[in-house]
Amino acid sequence: AQSVAQPEDQVNVAEGNPLTVKCTYSVSGNPYLFWYVQYPNRGLQFLLKYITGDNLVKGSYGFEAEFNKSQTSFHLKKPSALVSDSALYFCAVRFPGANNLFFGTGTRLTVIP
Amino acid sequence: DSGVTQTPKHLITATGQRVTLRCSPRSGDLSVYWYQQSLDQGLQFLIQYYNGEERAKGNILERFSAQQFPDLHSELNLSSLELGDSALYFCASSPRASGRAFETQYFGPGTRLLVL
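Chains as they are written, first to last, in the numbering used here: chain A, 1 to 113; chain B, 114 to 229.
These are computed hints drawn from the structure, not numbers from a lab. Heads up, a few of these hints could be off.
Partial selection, computed: residues in chain B whose CB lies under 10 Å from chain A [to be verified]:
| no. | residue |
| --- | --- |
| 1 | F177 |
| 2 | F182 |
| 3 | E216 |
Computed far set for chain B versus chain A, every beta-carbon distance over 12 Å [claimed, not checked]:
| no. | residue |
| --- | --- |
| 4 | D114 |
| 5 | T128 |
| 6 | G129 |
| 7 | T133 |
| 8 | Q154 |
| 9 | Q157 |
| 10 | K170 |
| 11 | G171 |
| 12 | H186 |
| 13 | E188 |
| 14 | S193 |
| 15 | S199 |
| 16 | L201 |
| 17 | T217 |
In this text, all values refer to a predicted model and were calculated from it rather than measured experimentally. No residue lacks a Cβ here, since even glycine has one placed at the ideal position from N, Cα and C.
The whole structure should be built from the sequences, with the hints applied where relevant.
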């Protein structure tokens, strides 16, 4: 079955430390992978996406994500976390043949000053 | 600001009632998607319209319906409301072509519906 998973509900990291928010997927064929961020009382903001090509994708606000086909993962990373990065992060997949996005359950990132 | 607008921002209503949520896509975007975000179900796709026509359906209840008008704005109609319909409803839009899976969907700020 096709699915997307975010194994961690909560990630805490100290300000200035690197952060990683994990995402794994299961799909037949090549997926299109996206990361969105949701701040309190706000909509989802697009961060980055992987379509094809270079496995390392750079996005907004200094975030990047690495597509790993063998591990079926698309982890979101940032070299140095800011307190303002604290938010809810969603991994989303657009499966082959589908028009819509399938979202993971979200990971709440807290950056501790 | 994504360029997608949604009204109203908040809506409080009673069980059994009917409400209409409105979405205006980004300028030039022909596809509109509706999603529901609830605590127990997470973010779920409801329905997609492309240039006025229904293109894809997700987990949308029969009590819910949507349409897209000639000016490309869309409305989501929720009827016979139940307590469990309380959620955040998002609209998203994507650039001109339909069926191009790599296109980014840009989300509006959402409408928070509370059914009492």
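Status of each hint after checking the structure:
1. F177: Result: violated, 15 Å to nearest chain A Cβ.
2. F182: violated (20 Å)
3. E216: holds (9 Å)
4. D114: violated (10 Å)
5. T128: holds (25 Å)
6. G129: holds (28 Å)
7. T133: Correct as stated: the minimum Cβ-Cβ distance to chain A is 19 Å, above 12 Å.
8. Q154: Non-interface label fails for Q154/B: nearest chain A Cβ at 10 Å, not farther than 12 Å.
9. Q157: Non-interface label on Q157/B violated, nearest chain A Cβ at 8 Å vs cutoff 12 Å.
10. K170: violated (9 Å)
11. G171: At roughly 6 Å from the nearest Cβ of chain A, G171/B sits no farther out than 12 Å, so the non-interface label is violated.
12. H186: With a cut-off of 12 Å, H186/B remains clear of chain A, as the shortest Cβ separation is near 17 Å.
13. E188: holds (18 Å)
14. S193: The claim stands: S193/B keeps its Cβ more than 12 Å from every Cβ of chain A (closest is about 25 Å).
15. S199: holds (16 Å)
16. L201: violated (9 Å)
17. T217: violated (5 Å)
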